[in-house]
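Engineer: Quick note on the numbering used here: the sequence shown kicks off at 917 and runs consecutively.
Hint data in this document are derived by calculation from the structure and do not stem from the laboratory. A portion of the hints provided could be inaccurate.
[Stated by the list, open to error] Ranges between beta-carbon positions, derived for each pair:
#1 Gln1280 <-> Ala1183: 31 to 41 Å
#2 Ala1087 <-> Tyr1061: 18 to 28 Å
#3 Arg1210 <-> Lys1046: 44 to 54 Å
Quick caveat, the model's predicted, so the values are computed rather than measured. Every residue, glycine too, gets a C-beta built ideally from N, C-alpha and C.
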Amino acid sequence: MWKNRDTAQLLNKLMYFKGEKYNFIGLVDSDDEAGKEIWAGLNDRGLAIMNSQADDLAVREKKYDGSGNGAFMKLALGLCATVDDFEKLLQKEKGRWDLAANFGVIDAEGRACFFETSSEYYTRFDADDKKVAPFGYIVRTNFSYTSPDYLQGGGFIRFERMSHLAEAARAEGRLGVRFILQEAARDLNHEKLHSFPLNRPLPDDPSRPLYINTNDTINRNSTAAAVVFEGAPSPERADLATMWVLLGQPITIAAIPVWPTSGQVPAVASAPGKETCPLNAFSRKLVQYLYPDRRGRMPQYLNINRLRTYGGEGVLSKIMRIENQVLEKAGTLLRAWENRRESAARVAAFQEALAESVRQNLYQEFPDIR
917 MWKNRDTAQL
927 LNKLMYFKGE
937 KYNFIGLVDS
947 DDEAGKEIWA
957 GLNDRGLAIM
967 NSQADDLAVR
977 EKKYDGSGNG
987 AFMKLALGLC
997 ATVDDFEKLL
1007 QKEKGRWDLA
1017 ANFGVIDAEG
1027 RACFFETSSE
1037 YYTRFDADDK
1047 KVAPFGYIVR
1057 TNFSYTSPDY
1067 LQGGGFIRFE
1077 RMSHLAEAAR
1087 AEGRLGVRFI
1097 LQEAARDLNH
1107 EKLHSFPLNR
1117 PLPDDPSRPL
1127 YINTNDTINR
1137 NSTAAAVVFE
1147 GAPSPERADL
1157 ATMWVLLGQP
1167 ITIAAIPVWP
1177 TSGQVPAVAS
1187 APGKETCPLN
1197 AFSRKLVQYL
1207 YPDRRGRMPQ
1217 YLNINRLRTY
1227 GGEGVLSKIM
1237 RIENQVLEKA
1247 GTLLRAWENR
1257 RESAARVAAF
1267 QEALAESVRQ
1277 NLYQEFPDIR
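Model the full structure from these sequences, guided by the hints.
Structural biologist: Here is the structure:
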(Lines of atoms letter the chains of each structure in order from A and count residues from 1; the text may use other names and numbers.)
(Lines give C-alpha, C1' and ligand atoms only; values in the text may rest on other atoms or scores of the structure.)
Protein backbone atom coordinates (compact mmCIF):
# COMPACT_ATOMS: atom_id res chain seq x y z
CA MET A 1 0.00 0.00 0.00
CA TRP A 2 1.32 3.41 -0.97
CA LYS A 3 0.61 7.07 -0.34
CA ASN A 4 2.19 10.23 -1.73
CA ARG A 5 1.21 12.86 0.80
CA ASP A 6 0.28 16.14 -0.92
CA THR A 7 -0.29 18.95 1.56
CA ALA A 8 0.52 22.53 2.47
CA GLN A 9 2.25 21.13 5.58
CA LEU A 10 5.58 20.43 3.89
CA LEU A 11 7.58 19.64 7.04
CA ASN A 12 7.04 16.04 8.18
CA LYS A 13 8.64 13.58 10.60
CA LEU A 14 7.97 10.25 12.30
CA MET A 15 6.75 9.60 15.83
CA TYR A 16 6.34 6.44 17.91
CA PHE A 17 3.13 6.02 19.89
CA LYS A 18 1.82 3.71 22.59
CA GLY A 19 -1.83 3.24 21.74
CA GLU A 20 -4.74 2.00 23.81
CA LYS A 21 -4.20 -1.57 22.56
CA TYR A 22 -1.36 -1.45 20.05
CA ASN A 23 1.80 0.56 19.54
CA PHE A 24 2.55 2.21 16.22
CA ILE A 25 4.71 4.51 14.12
CA GLY A 26 3.04 7.44 12.36
CA LEU A 27 3.85 10.18 9.88
CA VAL A 28 3.04 13.57 11.41
CA ASP A 29 3.31 17.27 10.64
CA SER A 30 6.55 18.50 12.19
CA ASP A 31 4.77 21.26 14.09
CA ASP A 32 2.29 18.77 15.61
CA GLU A 33 4.26 18.54 18.84
CA ALA A 34 1.79 16.20 20.55
CA GLY A 35 1.24 14.01 17.50
CA LYS A 36 -2.52 14.54 17.50
CA GLU A 37 -2.91 13.58 13.84
CA ILE A 38 -1.39 10.72 11.84
CA TRP A 39 -1.22 10.87 8.05
CA ALA A 40 -0.02 7.29 7.50
CA GLY A 41 1.05 4.65 9.98
CA LEU A 42 1.75 1.03 10.90
CA ASN A 43 1.06 -0.72 14.20
CA ASP A 44 2.69 -3.73 15.86
CA ARG A 45 -0.15 -6.04 14.78
CA GLY A 46 0.65 -5.41 11.13
CA LEU A 47 -2.24 -3.04 10.42
CA ALA A 48 -1.35 -0.10 8.19
CA ILE A 49 -3.54 2.86 7.33
CA MET A 50 -3.38 5.90 5.10
CA ASN A 51 -5.82 8.35 3.56
CA SER A 52 -6.35 10.51 0.56
CA GLN A 53 -8.46 13.59 1.10
CA ALA A 54 -11.80 13.29 -0.74
CA ASP A 55 -13.46 16.69 -0.82
CA ASP A 56 -16.37 15.23 -2.77
CA LEU A 57 -17.33 13.30 0.39
CA ALA A 58 -17.48 16.40 2.57
CA VAL A 59 -20.88 17.24 4.07
CA ARG A 60 -21.00 20.92 3.20
CA GLU A 61 -24.34 21.72 4.79
CA LYS A 62 -22.74 20.79 8.13
CA LYS A 63 -19.50 22.55 7.17
CA TYR A 64 -17.66 19.23 7.40
CA ASP A 65 -14.48 19.09 5.33
CA GLY A 66 -12.59 16.07 6.64
CA SER A 67 -10.68 17.86 9.38
CA GLY A 68 -10.94 14.76 11.57
CA ASN A 69 -9.17 12.40 9.15
CA GLY A 70 -5.77 12.45 10.85
CA ALA A 71 -7.06 12.07 14.41
CA PHE A 72 -9.30 9.19 13.34
CA MET A 73 -6.37 7.33 11.81
CA LYS A 74 -4.43 7.74 15.03
CA LEU A 75 -7.36 6.26 16.95
CA ALA A 76 -7.58 3.34 14.52
CA LEU A 77 -3.89 2.47 14.76
CA GLY A 78 -4.15 2.20 18.52
CA LEU A 79 -7.32 0.07 18.49
CA CYS A 80 -7.43 -2.05 15.34
CA ALA A 81 -5.57 -5.24 14.43
CA THR A 82 -7.43 -6.07 11.21
CA VAL A 83 -9.33 -4.49 8.35
CA ASP A 84 -12.53 -5.85 9.88
CA ASP A 85 -11.66 -4.13 13.17
CA PHE A 86 -11.34 -0.86 11.26
CA GLU A 87 -14.75 -1.35 9.67
CA LYS A 88 -16.27 -2.02 13.09
CA LEU A 89 -14.68 1.21 14.33
CA LEU A 90 -16.26 3.11 11.44
CA GLN A 91 -19.64 1.64 12.33
CA LYS A 92 -19.25 2.45 16.01
CA GLU A 93 -18.08 6.03 15.42
CA LYS A 94 -20.52 6.87 12.61
CA GLY A 95 -21.68 10.47 12.79
CA ARG A 96 -19.20 11.46 15.50
CA TRP A 97 -16.31 12.54 13.27
CA ASP A 98 -15.69 15.07 10.52
CA LEU A 99 -14.42 12.67 7.85
CA ALA A 100 -13.96 13.00 4.09
CA ALA A 101 -11.42 10.46 2.94
CA ASN A 102 -10.51 7.40 0.98
CA PHE A 103 -8.97 5.33 3.80
CA GLY A 104 -6.58 2.62 2.66
CA VAL A 105 -6.09 -0.24 5.15
CA ILE A 106 -4.08 -3.48 5.01
CA ASP A 107 -3.53 -6.11 7.69
CA ALA A 108 -1.46 -9.19 8.53
CA GLU A 109 -4.29 -11.48 7.40
CA GLY A 110 -3.70 -10.36 3.83
CA ARG A 111 -6.69 -8.04 3.50
CA ALA A 112 -6.32 -4.82 1.52
CA CYS A 113 -9.26 -2.41 1.29
CA PHE A 114 -10.28 1.14 0.58
CA PHE A 115 -13.08 2.74 2.55
CA GLU A 116 -14.69 5.76 0.88
CA THR A 117 -15.77 7.57 4.01
CA SER A 118 -17.83 10.63 4.88
CA SER A 119 -19.04 11.70 8.30
CA GLU A 120 -22.34 9.89 7.63
CA TYR A 121 -21.55 6.76 5.58
CA TYR A 122 -18.79 4.62 4.14
CA THR A 123 -18.37 2.10 1.33
CA ARG A 124 -15.83 -0.73 1.44
CA PHE A 125 -13.83 -1.81 -1.61
CA ASP A 126 -11.79 -5.04 -1.33
CA ALA A 127 -8.72 -5.61 -3.47
CA ASP A 128 -9.54 -9.34 -3.63
CA ASP A 129 -12.98 -8.64 -5.12
CA LYS A 130 -12.60 -9.28 -8.86
CA LYS A 131 -15.52 -6.99 -9.63
CA VAL A 132 -13.76 -4.11 -7.87
CA ALA A 133 -10.14 -4.95 -8.60
CA PRO A 134 -9.82 -7.49 -11.45
CA PHE A 135 -6.02 -7.37 -11.25
CA GLY A 136 -5.76 -7.35 -7.46
CA TYR A 137 -5.04 -3.68 -6.86
CA ILE A 138 -6.98 -0.44 -6.39
CA VAL A 139 -5.94 3.08 -7.40
CA ARG A 140 -7.36 6.16 -5.67
CA THR A 141 -6.47 9.84 -5.68
CA ASN A 142 -8.66 12.64 -4.32
CA PHE A 143 -12.10 11.72 -5.61
CA SER A 144 -14.48 8.90 -4.73
CA TYR A 145 -16.85 6.69 -6.69
CA THR A 146 -19.65 6.92 -4.12
CA SER A 147 -19.83 10.70 -3.91
CA PRO A 148 -23.02 12.51 -4.91
CA ASP A 149 -20.80 14.73 -7.08
CA TYR A 150 -17.35 13.32 -7.79
CA LEU A 151 -16.48 16.45 -9.77
CA GLN A 152 -15.96 18.12 -6.39
CA GLY A 153 -12.97 15.82 -5.95
CA GLY A 154 -9.52 16.09 -7.50
CA GLY A 155 -6.48 14.22 -8.74
CA PHE A 156 -8.04 13.03 -11.99
CA ILE A 157 -4.89 13.49 -14.08
CA ARG A 158 -2.75 11.71 -11.49
CA PHE A 159 -5.34 8.91 -11.33
CA GLU A 160 -5.09 8.33 -15.07
CA ARG A 161 -1.29 8.39 -14.98
CA MET A 162 -1.04 5.93 -12.09
CA SER A 163 -3.62 3.62 -13.62
CA HIS A 164 -1.48 3.35 -16.75
CA LEU A 165 1.73 2.87 -14.75
CA ALA A 166 0.19 0.16 -12.58
CA GLU A 167 -1.26 -1.68 -15.55
CA ALA A 168 2.13 -1.77 -17.29
CA ALA A 169 3.99 -2.80 -14.13
CA ARG A 170 1.52 -5.62 -13.43
CA ALA A 171 1.85 -6.94 -16.96
CA GLU A 172 5.64 -6.94 -16.61
CA GLY A 173 5.63 -8.50 -13.14
CA ARG A 174 7.11 -5.39 -11.50
CA LEU A 175 4.24 -4.22 -9.31
CA GLY A 176 6.13 -4.19 -6.01
CA VAL A 177 7.90 -1.98 -3.50
CA ARG A 178 10.85 -1.05 -5.70
CA PHE A 179 8.59 -0.03 -8.59
CA ILE A 180 6.41 2.10 -6.31
CA LEU A 181 9.31 3.81 -4.58
CA GLN A 182 11.56 4.37 -7.57
CA GLU A 183 9.15 4.85 -10.46
CA ALA A 184 5.59 5.61 -9.40
CA ALA A 185 6.21 7.85 -6.39
CA ARG A 186 8.80 9.90 -8.31
CA ASP A 187 6.97 10.07 -11.63
CA LEU A 188 7.22 13.46 -13.36
CA ASN A 189 5.28 12.80 -16.57
CA HIS A 190 2.12 14.80 -17.22
CA GLU A 191 -0.55 12.41 -18.48
CA LYS A 192 -2.41 14.96 -20.62
CA LEU A 193 0.60 16.79 -22.05
CA HIS A 194 2.52 13.59 -22.86
CA SER A 195 5.62 15.18 -21.41
CA PHE A 196 8.65 13.04 -20.64
CA PRO A 197 11.07 15.48 -18.99
CA LEU A 198 13.64 12.85 -18.04
CA ASN A 199 14.09 11.77 -21.68
CA ARG A 200 13.67 14.86 -23.82
CA PRO A 201 16.76 16.84 -24.96
CA LEU A 202 17.90 19.61 -22.66
CA PRO A 203 18.31 23.15 -24.05
CA ASP A 204 21.77 23.93 -25.43
CA ASP A 205 21.70 27.35 -23.78
CA PRO A 206 22.21 26.86 -20.00
CA SER A 207 20.71 30.30 -19.39
CA ARG A 208 17.38 28.98 -20.69
CA PRO A 209 16.84 25.75 -18.70
CA LEU A 210 13.93 23.38 -19.12
CA TYR A 211 11.21 23.80 -16.48
CA ILE A 212 8.06 21.75 -15.88
CA ASN A 213 5.03 22.51 -13.73
CA THR A 214 4.57 19.72 -11.17
CA ASN A 215 1.02 20.51 -10.04
CA ASP A 216 -0.47 17.54 -11.90
CA THR A 217 2.36 15.03 -11.85
CA ILE A 218 2.49 12.21 -9.28
CA ASN A 219 5.63 13.69 -7.70
CA ARG A 220 4.27 17.18 -7.04
CA ASN A 221 5.69 20.41 -5.69
CA SER A 222 3.23 19.87 -2.83
CA THR A 223 4.32 16.30 -2.06
CA ALA A 224 5.60 16.45 1.51
CA ALA A 225 6.36 12.74 1.99
CA ALA A 226 5.63 9.27 0.67
CA VAL A 227 4.97 6.00 2.49
CA VAL A 228 4.94 2.43 1.17
CA PHE A 229 3.77 -0.45 3.37
CA GLU A 230 4.88 -4.06 2.91
CA GLY A 231 2.34 -6.30 4.57
CA ALA A 232 3.18 -9.07 7.02
CA PRO A 233 3.03 -12.70 5.79
CA SER A 234 0.75 -13.77 8.65
CA PRO A 235 -0.71 -12.50 11.95
CA GLU A 236 1.90 -14.61 13.76
CA ARG A 237 4.68 -12.66 12.02
CA ALA A 238 3.24 -9.17 12.18
CA ASP A 239 6.75 -8.01 13.11
CA LEU A 240 7.78 -8.41 9.46
CA ALA A 241 5.39 -5.69 8.24
CA THR A 242 7.55 -2.83 6.99
CA MET A 243 6.90 0.89 6.62
CA TRP A 244 9.10 2.53 3.96
CA VAL A 245 9.21 6.30 4.32
CA LEU A 246 10.38 9.13 2.06
CA LEU A 247 10.59 12.15 4.36
CA GLY A 248 10.29 14.79 1.69
CA GLN A 249 9.40 15.29 -1.96
CA PRO A 250 10.24 11.87 -3.43
CA ILE A 251 12.78 13.10 -6.00
CA THR A 252 14.81 14.72 -3.20
CA ILE A 253 15.20 11.98 -0.59
CA ALA A 254 15.98 8.27 -0.21
CA ALA A 255 13.61 5.85 1.52
CA ILE A 256 14.20 4.36 4.96
CA PRO A 257 12.43 1.36 6.55
CA VAL A 258 10.94 1.36 10.05
CA TRP A 259 9.29 -1.31 12.19
CA PRO A 260 6.93 -0.70 15.15
CA THR A 261 8.44 -3.67 16.99
CA SER A 262 11.58 -1.55 17.43
CA GLY A 263 9.74 0.62 19.95
CA GLN A 264 11.19 3.83 18.47
CA VAL A 265 11.96 5.76 15.29
CA PRO A 266 15.42 6.67 13.94
CA ALA A 267 16.98 9.88 15.24
CA VAL A 268 17.32 11.36 11.74
CA ALA A 269 13.58 10.79 11.14
CA SER A 270 12.42 12.45 14.37
CA ALA A 271 12.84 15.79 16.11
CA PRO A 272 11.84 17.41 19.40
CA GLY A 273 9.02 19.91 19.78
CA LYS A 274 7.93 21.56 16.56
CA GLU A 275 11.23 21.03 14.74
CA THR A 276 11.49 18.99 11.59
CA CYS A 277 13.82 16.01 11.32
CA PRO A 278 17.27 16.01 9.66
CA LEU A 279 16.18 13.96 6.63
CA ASN A 280 13.23 16.24 5.96
CA ALA A 281 15.39 19.33 6.45
CA PHE A 282 17.82 18.03 3.82
CA SER A 283 14.96 17.34 1.42
CA ARG A 284 13.64 20.87 1.76
CA LYS A 285 17.09 22.28 0.96
CA LEU A 286 17.29 20.17 -2.17
CA VAL A 287 13.77 21.27 -3.13
CA GLN A 288 14.93 24.89 -2.93
CA TYR A 289 17.79 24.07 -5.30
CA LEU A 290 15.50 22.28 -7.78
CA TYR A 291 12.74 24.92 -7.61
CA PRO A 292 14.97 28.01 -7.56
CA ASP A 293 12.57 30.70 -8.80
CA ARG A 294 10.50 32.05 -5.89
CA ARG A 295 8.46 34.60 -7.87
CA GLY A 296 4.68 34.27 -8.00
CA ARG A 297 3.72 30.74 -9.03
CA MET A 298 7.22 29.77 -10.09
CA PRO A 299 7.71 27.58 -6.96
CA GLN A 300 5.47 25.13 -8.86
CA TYR A 301 8.13 24.80 -11.58
CA LEU A 302 10.92 22.21 -11.39
CA ASN A 303 14.27 22.99 -13.05
CA ILE A 304 14.88 19.83 -15.08
CA ASN A 305 18.40 20.90 -16.04
CA ARG A 306 19.39 20.94 -12.39
CA LEU A 307 17.62 17.65 -11.71
CA ARG A 308 19.38 15.84 -14.57
CA THR A 309 22.86 17.38 -14.45
CA TYR A 310 23.69 17.92 -10.76
CA GLY A 311 27.16 16.53 -10.04
CA GLY A 312 27.46 15.33 -13.63
CA GLU A 313 25.07 12.39 -13.25
CA GLY A 314 21.93 14.06 -11.92
CA VAL A 315 20.01 14.06 -8.66
CA LEU A 316 18.02 10.88 -9.22
CA SER A 317 21.08 8.74 -9.99
CA LYS A 318 22.58 9.74 -6.66
CA ILE A 319 19.34 9.18 -4.76
CA MET A 320 18.82 5.76 -6.36
CA ARG A 321 22.34 4.63 -5.53
CA ILE A 322 21.74 5.39 -1.86
CA GLU A 323 18.28 3.86 -1.84
CA ASN A 324 19.34 0.68 -3.61
CA GLN A 325 21.86 0.00 -0.86
CA VAL A 326 19.09 0.37 1.73
CA LEU A 327 16.72 -1.91 -0.19
CA GLU A 328 19.38 -4.61 -0.50
CA LYS A 329 20.38 -4.49 3.17
CA ALA A 330 16.78 -4.46 4.37
CA GLY A 331 15.90 -7.34 2.06
CA THR A 332 18.75 -9.43 3.43
CA LEU A 333 17.72 -8.79 7.02
CA LEU A 334 14.03 -9.46 6.38
CA ARG A 335 14.87 -12.82 4.82
CA ALA A 336 16.91 -13.68 7.91
CA TRP A 337 14.10 -12.52 10.21
CA GLU A 338 11.73 -14.94 8.52
CA ASN A 339 13.67 -17.74 10.20
CA ARG A 340 14.17 -16.09 13.58
CA ARG A 341 12.30 -13.37 15.44
CA GLU A 342 14.66 -10.49 16.29
CA SER A 343 14.62 -8.62 19.58
CA ALA A 344 13.23 -5.09 19.69
CA ALA A 345 16.70 -3.76 20.52
CA ARG A 346 18.30 -5.36 17.45
CA VAL A 347 15.51 -4.16 15.16
CA ALA A 348 15.91 -0.64 16.57
CA ALA A 349 19.68 -0.75 16.06
CA PHE A 350 19.29 -1.95 12.49
CA GLN A 351 16.76 0.70 11.45
CA GLU A 352 18.85 3.38 13.20
CA ALA A 353 21.99 2.33 11.33
CA LEU A 354 20.20 2.28 7.97
CA ALA A 355 18.63 5.70 8.47
CA GLU A 356 21.91 7.22 9.63
CA SER A 357 23.72 5.76 6.61
CA VAL A 358 21.16 7.47 4.37
CA ARG A 359 21.84 10.81 6.06
CA GLN A 360 25.60 10.44 5.74
CA ASN A 361 25.42 9.34 2.11
CA LEU A 362 23.12 12.23 1.20
CA TYR A 363 25.55 14.70 2.72
CA GLN A 364 28.40 13.06 0.82
CA GLU A 365 26.61 12.97 -2.54
CA PHE A 366 25.23 16.52 -2.17
CA PRO A 367 27.98 18.43 -0.33
CA ASP A 368 26.63 21.88 -1.20
CA ILE A 369 23.00 21.15 -0.24
CA ARG A 370 22.83 22.13 3.43
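Engineer: Holds or violated: the 31 to 41 Å window for the beta-carbon distance between Gln1280 and Ala1183?
Structural biologist: Given about 18 Å between the Cβ atoms, the range is violated.
Engineer: Is it true that the C-beta distance of Ala1087 to Tyr1061 lies inside 18 to 28 Å, as the hint says?
Structural biologist: holds (24 Å)
Engineer: For Arg1210 and Lys1046, compare the CB-CB distance with the range 44 to 54 Å and indicate the outcome.
Structural biologist: Holds, at about 50 Å.
Hint violations for this structure: number 1 only, all remaining hints satisfied.
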